[in-house]
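K.L.:
The sequence shown maps to residues 4 to 488 in this note's numbering.
Worth flagging that the hints you see were computed from the coordinates, not collected in a lab. Fair warning: there could be bad hints in the mix.
Here are the simulated DSS-like pairs of lysine-lysine, each with C-alpha atoms no more than 30 Å apart in a straight line [as the list claims (entries may be wrong)]: (1) K470 / K397; (2) K473 / K327; (3) K21 / K414.
Bear in mind the structure is a predicted one, so any value in this text is a computation, not a measurement.
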Amino acid sequence: MGKQTNTINNGGLQRSLKARHLMMISLGGSIGTGLFLGSGSAIYQAGPGGALLAYLIIGVMVYFIMTSLGELASFMPTSGAFSTYATRFIDPALGFALGWNYWYSWAITLATELTASTLVMKFWFPDSPSWLWSGLFIIIIFGINILSVKGYGEGEYWFSFIKVATIIIFIIVGFLMIFGIMKGEAVGFKNFTIGDAPFHGGFLAVIGVFLTAGFSFQGTEIVGVAAGESEDPRKNVPKAIKSVFWRILLFYVLAIIVIGLIIPYTTETLQSDDIMVSPFTLVFKKAGLAFAASLMNAVILTAVLSAGNSSLYASTRILYAMAKEGQAPKLFGKLNKRGVPVAALVATTLVGMLAFLASAFGDGAIYMWLLNAAGITGFIFWLGIAASHYRFRKAFLAQGHSLEELPYRAKLYPFGPIFAFLVGLIVILAQDYQAFLADKIDWMDLIAAYLGIPLFIVMWLGYKLIKKTKVVPLQECKIDVDEFK
4 MGKQTNTINN GGLQRSLKAR HLMMISLGGS IGTGLFLGSG SAIYQAGPGG ALLAYLIIGV
64 MVYFIMTSLG ELASFMPTSG AFSTYATRFI DPALGFALGW NYWYSWAITL ATELTASTLV
124 MKFWFPDSPS WLWSGLFIII IFGINILSVK GYGEGEYWFS FIKVATIIIF IIVGFLMIFG
184 IMKGEAVGFK NFTIGDAPFH GGFLAVIGVF LTAGFSFQGT EIVGVAAGES EDPRKNVPKA
244 IKSVFWRILL FYVLAIIVIG LIIPYTTETL QSDDIMVSPF TLVFKKAGLA FAASLMNAVI
304 LTAVLSAGNS SLYASTRILY AMAKEGQAPK LFGKLNKRGV PVAALVATTL VGMLAFLASA
364 FGDGAIYMWL LNAAGITGFI FWLGIAASHY RFRKAFLAQG HSLEELPYRA KLYPFGPIFA
424 FLVGLIVILA QDYQAFLADK IDWMDLIAAY LGIPLFIVMW LGYKLIKKTK VVPLQECKID
484 VDEFK
């Protein structure tokens, strides 16, 4: 009886994601090429200590984002998480802008991951055309998502399992090498003190790594989108958020410690996107695994497909939710008998076809452009989560509710959302500070880096002017305790 009520309240979406799906969706959304490839350039840029500090600071920020999301998503489990929360607790114009921003971010990320898939496949098939692999993988990802939400959940579960297993093996092998149990001589801590390590380039270098670290963690919040299609979200969402964050932070911190101890930060190849010289491949090679490059290439391919799968799911569901709120064409709010918003799925997939541009303009250039354009948008919707949570708690208490009514209560409120908001804002404004210090500004790179900001502002103010929306007073914020039970 309870499940039936959940389905009706959720507008027809099927609540068939189990706790294990939620756990792996959150893990899988944030473990990808940002860790397998990006971690090397972070260490090269800021040294092992600088990279570790950057990931820790961003990790703390993401912790507070996740606790904010946990409070919101367990109380209001909706697939339109970010746009719905901002619409109800701050301003419908902000909800509109955040929703479209989130859709844009993940639709572009889908294209990014499809482009990355061609780079990965050319490791094995160097003379093959890019469109072949982009086309094949978009068909696979579309097929997984068109089946049902359970199809997406199962796909993500196994994609994530492979990635998590690889990282655990990597960390174990790495520490065996560090202490001399594997491959003879102990590496020890000498690489943490060579040159000007552990902090190379000072504080500005750490700031420069923030965006890389932030991009690596993006996707953790997809558990909030999936909450609307999960079984017993009031129990399973807090459980996923409590356990997943610490596992992710542990994976990232330990992986960066292993790389920083085994590979000197001065190694030029650390800044390369070539799988042959990714930090994971280099460590496995040092451990004597001759097939390390092929192994890591296969794992990175899994990470790319996982990220593409999550991208299509998240952007489709946010488009569906905005249609239900009247902030997107009604067509996108229609579901088939399996509870899949097909029109939203098809529209998002078409945007993913941007990946085919890779074959016309060169894989590497398109990949970096798309990566840069999507990078900053992630921080924008994180700011939206922090601000929405801050206002939600105030409205909740202002309307006479008790904190005891909340299925999950975020710790350190209001410090948590305020801290997360401020750190996120610093990253957004300072993300490409190096461009302004150069003798000649590269305007194309600068535009790509900051493209998300004007797009967001135009959508926010444009909707506000057209619809004449105002900030919702705390007493008028729509809080219905029974609505999402």
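K.L.:
Going through the earlier hints one by one, which of them does the structure break, listed in rising order?
P.N.:
Hint check: nothing fails, all pass.
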